[in-house]
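Protein sequences appear in the order of chains A and B. Sequential numbering from 470 applies to the first sequence in the numbering used here. Sequential numbering from 296 applies to the second sequence in the numbering used here.
Just so you know, nobody snuck in bad clues.
Pairs of lysine-lysine, DSS-like flavour, derived with a Cα cap of 27 Å:
(1) A:Lys-592 with B:Lys-298
(2) A:Lys-510 with B:Lys-298
(3) A:Lys-590 with B:Lys-298
(4) B:Lys-307 with A:Lys-592
(5) A:Lys-528 with A:Lys-582
(6) A:Lys-782 with B:Lys-572
(7) A:Lys-735 with B:Lys-298
(8) A:Lys-582 with B:Lys-309
(9) B:Lys-307 with B:Lys-364
(10) A:Lys-691 with B:Lys-572
(11) A:Lys-510 with A:Lys-528
Since the hints were made in silico from the structure, they are not lab data.
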Amino acid sequence: MQNAILRKSHLNDFISKLAVIEKVMAPVAKGPNHYAFEEVKSAKEISLQYIPTILPPKKYFMPQHETLLEYDTREGQKMHAVAEVEKMVLFGVHTCDLAGIQCLNIVFSDRPKDLNYLIHKNKIAIIGFECNNYCDEHASCALMGNHIPKGGYDMFFTDLGDYFFIHVNTQLGEELLDKTGVYEEAKIEHMNALEDLRAKKKEIFKNEVDVDKNMIPEYFKKGFDSAVWDDLGERCISCGNCTNVCPTCYCFDVYDDPDLGAKTGKRIRVWDSCQNEPFARVAGGESFRSQRKDRKRHRFNRKFRYPVERYGKFFCTGCGRCTRVCMAKINLKDTIKSLAKEYK
Amino acid sequence: MEKMSINRSAYKIKEAKILSARRLTDSEKLFDIALQSGESLDYEPGQFAEVSIFGVGEAPISICSSPTKRGSFELCVRAVGDGRFTNAMHKLEAGDDIGIRGPFGVGFPVQLFEGNDLMLVAGGLGIAPLRSLINYVIDNRRDFGKVNILLGCKTPLNMLFGDEIEDWQKRIDINFSCTVDRGAPDWKGNVGLITSLIPGVDLDPENTFAVVVGPPIMYKFVIKELTGKNIPDHRILVSLERHMKCGLGKCGHCQIHNIYCCQDGPVFFYDRIKDLKGAI
Chain A
470 MQNAILRKSH
480 LNDFISKLAV
490 IEKVMAPVAK
500 GPNHYAFEEV
510 KSAKEISLQY
520 IPTILPPKKY
530 FMPQHETLLE
540 YDTREGQKMH
550 AVAEVEKMVL
560 FGVHTCDLAG
570 IQCLNIVFSD
580 RPKDLNYLIH
590 KNKIAIIGFE
600 CNNYCDEHAS
610 CALMGNHIPK
620 GGYDMFFTDL
630 GDYFFIHVNT
640 QLGEELLDKT
650 GVYEEAKIEH
660 MNALEDLRAK
670 KKEIFKNEVD
680 VDKNMIPEYF
690 KKGFDSAVWD
700 DLGERCISCG
710 NCTNVCPTCY
720 CFDVYDDPDL
730 GAKTGKRIRV
740 WDSCQNEPFA
750 RVAGGESFRS
760 QRKDRKRHRF
770 NRKFRYPVER
780 YGKFFCTGCG
790 RCTRVCMAKI
800 NLKDTIKSLA
810 KEYK
Chain B
296 MEKMSINRSA
306 YKIKEAKILS
316 ARRLTDSEKL
326 FDIALQSGES
336 LDYEPGQFAE
346 VSIFGVGEAP
356 ISICSSPTKR
366 GSFELCVRAV
376 GDGRFTNAMH
386 KLEAGDDIGI
396 RGPFGVGFPV
406 QLFEGNDLML
416 VAGGLGIAPL
426 RSLINYVIDN
436 RRDFGKVNIL
446 LGCKTPLNML
456 FGDEIEDWQK
466 RIDINFSCTV
476 DRGAPDWKGN
486 VGLITSLIPG
496 VDLDPENTFA
506 VVVGPPIMYK
516 FVIKELTGKN
526 IPDHRILVSL
536 ERHMKCGLGK
546 CGHCQIHNIY
556 CCQDGPVFFY
566 DRIKDLKGAI
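Please model the complete structure; the sequences and the hints are all you need to start from.
Structure follows, in structure tokens:
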């Protein structure tokens, strides 16, 4: 089976049955226009019409705090390496966030491999969910080509009126669907309805910045000393909101967290931000990105240029989170437009 | 939440023991370290290790001994003002336990150097990583052509490895010069910046590799002098200092443009990094 449908009246059954087998995480409303992935037991708790969650699903793949080692210094420097893992199903992941997970997969499976990340990844089943329309004006998913699914899921749901079309992409997806037992076979009319929706989406989702994506790395290269960065540097307050909410920002710090008594403890990994001034500082005191504009430029280059050179992939998913949370109202689409205007 | 052991985690440390700890100056201490397993740390000159003290943390330290030294390896650590790790490390003595990860990074291309003259330039603490190469070259001396070593530091009191420097000065197969920024009453050597030593060196630019290691400010000026001697950019090597937090090309702290200093460096050919703004 590759395709199935789920009547909307059966969604609650589907979620409840899934929640008996596995922990299910899904988007939940957290006040006006704010959503978060949280554990749910029933479909009633889920907000399927959601704008990107405050934090992307990376929080399950690379937790904000994660134990790497447990140490014991009572007799020497003893330790063992651990991963704290939780099996789960992520339900309702937008295509921009699927793309974000695919970016992180590349980074952490690049040698030397990060086993903590890969163990989390193997324990998480992913059910994607299609956006039939834009979430809001901050998204640039069509520019990045992430408004349509490109793999990265076990099952993928599309809302087609009174039912969901389900694309089953993996054996694991099929097993999970089978266990819920509430689906129907997809028929030709369902396939046609999906095709119609995708055709309609082509009219809705259009390149949001009118810049050729493939030229962006070149604009960033040429624009390394552009006044665009001076402007951003003057406005940025280095709060690090943009890196926290970014689905592909993965920089981290590692430090020791001693237990009471200080002889034993944990070496943990926590999210860090290249927007903080000490981030690129060395022991002698030299700081290699001491200006806000250096740090802002670095972050933008790490989305639109460096990973293209290194991994052949853009690390912006077009989700729009950085723009939504920026306290200085730095707008990603405007930044690309201004830079492109100078060099087009 | 289920807890799993990860035997092959890249964060696991190798248990090691400090064989000796010797104070070199007011701020630098030299540690001789052996792995508890009895195995050698398999490294190249110019590579670094992540050094771990549980409860304090980890820090990247360049290995300052040559791999030709068997059984143990050396780290030279400068205690910096508010540096939590380096100050904790300075409290350690012979017999204390310590953790090691690595070696990491790309070291000096010693095979490429064979048959060539060498111009090795160190400023300040840059002598630590360069010493791994100097001692390697001395131990394999006939594989290389002329060997010039230039060393600069702030004052005679800051000079590291004084006893070895005396030996390098005496050797007939090494041209050694050093200078200090500020002299002292009993100092009879050169006074001035390290750049002042370069014009006086007689070298064949077509057959020389130059290596520069020092504080960030030094590179531009030294490289300008080397270029003035017609040494091409692809025959100049630098070792860059950055905060290599994880050593695995992931955490982002040591990133210069699209380069991870910890995996792609710390040793770079100058032509690779010269156009990267902020690299040096």
